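> If you're matching them up, the sequences are chains R and V in order.
The opening residue of the first sequence carries number 10 in the working numbering; numbering runs sequentially from there.
The opening residue of the second sequence carries number 20 in the working numbering; numbering runs sequentially from there.
Hints in this document: simulated from the structure, not taken from any laboratory.
A quick note: this is a predicted structure, and the numbers were derived from the prediction, not measured.
Fair warning: there could be bad hints in the mix.
To be verified - Using 25 Å as the maximum straight-line C-alpha spacing, the simulated PhoX-like pairs for lysine-lysine come out as follows:
(1) V:K61 - R:K22
(2) V:K75 - R:K66
(3) V:K21 - V:K86
(4) V:K86 - V:K75
(5) R:K10 - V:K61
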Amino acid sequence: KAGVTQTPRYLIKTRGQQVTLSCSPISGHRSVSWYQQTPGQGLQFLFEYFSETQRNKGNFPGRFSGRQFSNSRSEMNVSTLELGDSALYLCASSLADHPHSYEQYFGPGTRLTVT
Amino acid sequence: QKEVEQNSGPLSVPEGAIASLNCTYSDRGSQSFFWYRQYSGKSPELIMFIYSNGDKEDGRFTAQLNKASQYVSLLIRDSQPSDSATYLCAVNPRGSTLGRLYFGRGTQLTVWP
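Okay, chain R solo, but in the shape it has when bound:
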């Protein structure tokens, strides 16, 4: 079974621009979670989507948003980019059909650099 895929893998943007990242979960997985990883803060939760609904959101400003489509694919968007948004953005999917089936599997990530 194919793993989680993320596109693009690398991205360079300028301050003030916006960016959209895409994530395709493992086939059959209904939950998609997004994380930001930086050397200073480690892995931090952004949000989770299940059946096209955002179920939980981390402590990030409103510039960070996301959505999920009916096929479980998900996108996240960051508007008005700041230098501090430079990070590895990770998407993780899980089956989520039972309380003990929330093991999350990560994609390869999108490395975003803001200049």
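Given the coordinates of chain R, assemble chain V onto it according to the supplied hints.
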């Protein structure tokens, strides 16, 4: 504040030894516990998960959970140089949806030949 604490290391062990990685968490009602391995420049890879008190073994890996002490550990037996990576502990606390994990900062492990 839901905190997950790990020794940052680095932890250095010789090939063939047992590597012991430790993690404590602050939310007593936490339900699910995960260990991820992350190689430099790569994304985290799930290697173990545990939900009940006690030990869970998978090949060379053993996860140990003690909810009373709010402590979870990972033992790697017969350590190999290929085990050299950063190991991340992740916890799903009570009150969160199950899709939200809190991560420790990771322990860097080096296995030398």
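> Determine for every hint whether it applies to the structure shown.
For each hint, the structure was consulted:
1. V:K61 - R:K22: 21 Å, holds
2. V:K75 - R:K66: 31 Å, violated
3. V:K21 - V:K86: 15 Å, holds
4. V:K86 - V:K75: Roughly 14 Å separates the two Cα atoms, so the pair holds.
5. R:K10 - V:K61: 20 Å, holds
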